[in-house]
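Protein chains in written order, with numbering that gives the first Met the number 0: chain A, 0 to 335; chain B, 0 to 260; chain C, 0 to 258.
One thing to keep in mind: the hints can contain errors.
[As the list claims (entries may be wrong)] In silico SDA-like pairs for lysine to any residue, Cα to Cα no more than 20 Å straight-line:
(1) C/Lys252 to C/Thr88
(2) A/Lys147 to A/Gly171
(3) A/Lys20 to B/Arg172
(4) A/Lys138 to B/Phe95
Keep in mind the hints are simulated off the structure, nothing from the lab.
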Amino acid sequence: MTTETQRSGGIEVESLVREFKNGPRAVDGIDLEVARGEIYGFLGPNGAGKSTTVLMLTTLLPPTSGSARVGGFDVVEQGPQVRASIGAALQEAALDPLLTGREHMRLQTALHGLGKAERESRGNELLERVGLAHAADRKVGGYSGGMKRRLDLALALAHRPRILFLDEPTTGLDIQSRTALWEEVARLAAEDGVTVFLTTQYLEEADALANRVGIIDHGHLVAEGTPAELKAEIGRPTVEAAPREEGDRERMTAVLGRFGQGAGSSPRGVAVRLDGGESQLAEVVRALDAEGIAIEHLQLHAPSLDDVFLAKTGRSLEGAAEEEPADAETETAAPA
Amino acid sequence: MSEQRTAGVRAVARGVAWRSIHNFLTNPAFLVPSLLFPLFFFVSFAGGLAAIGEVPGFDFPSGYTAFQFVFVLLQSAAFGGVFTGFAMARDFESGFGRRYMLAASHRSGIVLGYALAALFRAFVTWTVLSAVAVVAGMEIAGSGGEIVALYALAVLVNVAATMWAAGVALRVRSIQGGPLMQFPTFLVLFLAPVYVPLDLLSGWIHTIASINPVTALLEAGRGFISGDPVLAAAAFAIGLTLSLLFAAWARGGLRSAEAAG
Amino acid sequence: MSSSLGNQVGQLARRSILRTLRQPAQIVPAIVFPLFLLAVNTGGLKEATNLPGFPTDSYLTFILAVPFIQGALFSVMNSGTDLARDIETGFLNRLALTPLRGAALLSGLLAGAFVLGVVQAAAYLAVGLIAGAELAAGPAGALVLVLLSVAITVAFGTIGLFAALRFGSGEAVQGLFPVFFVFLFLSAMTLPLDLLTTDWFHAIASVNPVTYLLEAIRSLLIEGWNLGDLALGFGIAAAIGALGMLAASSALKSRLVRT
Ligand SMILES: Nc1ncnc2c1ncn2[C@@H]1O[C@H](COP(=O)(O)OP(=O)(O)OP(=O)(O)O)[C@@H](O)[C@H]1O
Ligand SMILES: [Mg+2]
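Just chain A, with the same shape it has in the complex (with noise of 0.2 Å):
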């Protein structure tokens, strides 16, 4: 159930579906719905149809069929109101090597009929806050990716938008500026209500950022939820351990075995995912004591999104990508 409020400030899909001529099904009957303020993450291998649903959702290709509603209006019927409620940073930054950071700047808020004055003051709150303001005036030919990404991401803010999409963002960025724009988008989020609709390759980034996710595999939804919904779906966390002696080895693999299925190992430990959730960690620990099992080192890992993208697709998301065959052999044993 959606109210009035929230549906104006979110995103409906229904049935939504793009096929391309002489090319695959891209996307293959889509429903899902996004509510104001809601970071949702759409994570998926390459060639799933991120991309492709975005550039649907922001009316930059019409649907197959199928139908969407962003910001309340219809992507097909009004793309107009469309485009003035959303901002997109598509997957390549579109940028002209030949203008500055501030010339950009200027040009989008012309472009969306920002007033004269504002243009200016608007312009150069973003490239502050997405840390350009020093390199505003040089060419963006010469600016590196990560700039060149942030850029991006301030142009896309130029009109105020309600909802934000975001493909791939932080593809090809350092550490240090990936967690810089996770809290930025966090922050316009919680701070200004903004809906932002974001896709990933990465499962630290949707579970870090995301307040639901859905994964996409081609072109179908296989699961939506929160992290931990999903997590949780999925269950299971995996302890890894690794004996002080290189002899205990083979005894400790046979102490950890009593707890769960082998879910591959390291090149000296072990690892188990736990039949019975996170609350055996003390059996396990106490079992390899009474043994006389010295413990080297001993750690447990929470389910991840990766856990659930294998478990829904039969693959590990890690090299998913369209390429490869269906069944591609997976390292580590399938759960139940």
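With chain A fixed as given, assemble chains B and C with the ligands onto it according to the hints.
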């Protein structure tokens, strides 16, 4: 609503035109060729072919320089439009076009913006070209009004060529479309009475030139500069028709770009 | 030259030729565009033959010399952009690791221009003759004409190589086009030198080497065997080629030092 729409189109057109003009003026790689090429055509045709003015039967009253000035003026008008089409294709290839498509509440403003830039470009070229022609001692027999009519004709040619090139650019969306914009324009311009009046042409070229609409544009333009207007109404009708026709073609291109994402 | 060096040049030449032949987008305009201008100019300027002192009754025969030069201009662009691409992709660095040096390497790169030059010259001549142009020097003249045309093509090609080596980018090479365009347009291209009545234009055209290249070609078409004109034409082509090769070699040397 309609007033709001007009405002939206205007804002977008202004933004798009601003960037194109800015890039044109600040980048010598764009500015120099579009200034120099028409000048070379003019110098080479008017200077190198001056003797053609003495061919028996060549009876243009204002001299060969003025005769060729009209051709080069209309040619640079057309090529100003084609070069703008190049810029447009480049933008849609690099993804910058998407930025416009996304920001523009009314997308016809995008084409309008490029068209304004093309016109600006043509005006810069014409200023330089006209100055060179006057310095070179070109005879102008036409009245003030007739000269204005000559430039107005050039504006129509510029608009028509821009719309033609925009239609191609928006459909191909790659600089690979360049020859497709350029070659037909070149063809139609040169299959007209470029060097001598239509009467002095013979054979196949006379046949083609007689039905080529550019011939009427050229003859009208030459009529204006020599103060002896001919085919004026027909030329304006042709210019207007071509502009509207190609505007529809560009509009179709915009639809195609929208459908392709 | 050792046989292995000869072999290497041969391999390089083979690649250059294959690359040229596999880019119809280069070949087609290089042949079609000059022919189109030939048709247009022949139709449009026919009346020029009525000017007193015009050397022939057939404007086609007169203007047929121009495509050969225009074709050669395309060769500057082609050999230049091909080499610029080699520089941009790092292929030139690979060549730098072979024993090939200087003129040997460069002549390998010009093989494509050479072949294209032969094809172009044959095409222009064939089209011209079919359309009714005269060839006063006869069949042997056709051979010499193709030879001269290829010499001009290769000579211009060295300038393309120089530009690519000096600036290292395809765009810079394209930027040269207007410069050549100026040389062609400010020559006795559409009328003979004597009929260029504008003083300053006549002055420029008479010191423009392109004028004499055109006159050498025209001498074969219109007069027959004029050894003076031919010698001047071949001499200018050789001089441009030698200068271009010298400049390109030195640019090559400094580029290989830098990278
Ligand atoms: N214009 C197009 N024409 C034909 N096929 C297309 C087009 N655009 C995308 N596709 C195809 O649609 C599928 C989905 O592409 P999309 O770009 O949406 O994937 P993505 O999830 O964004 O991938 P990535 O992570 O690599 O950006 C792919 O198979 C792609 O090849
Ligand atoms: Mg994508």
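Verification of the supplied hints:
| no. | hint | in the structure |
| --- | --- | --- |
| 1 | C/Lys252 to C/Thr88 | holds, 18 Å |
| 2 | A/Lys147 to A/Gly171 | holds, 11 Å |
| 3 | A/Lys20 to B/Arg172 | holds, 17 Å |
| 4 | A/Lys138 to B/Phe95 | holds, 16 Å |
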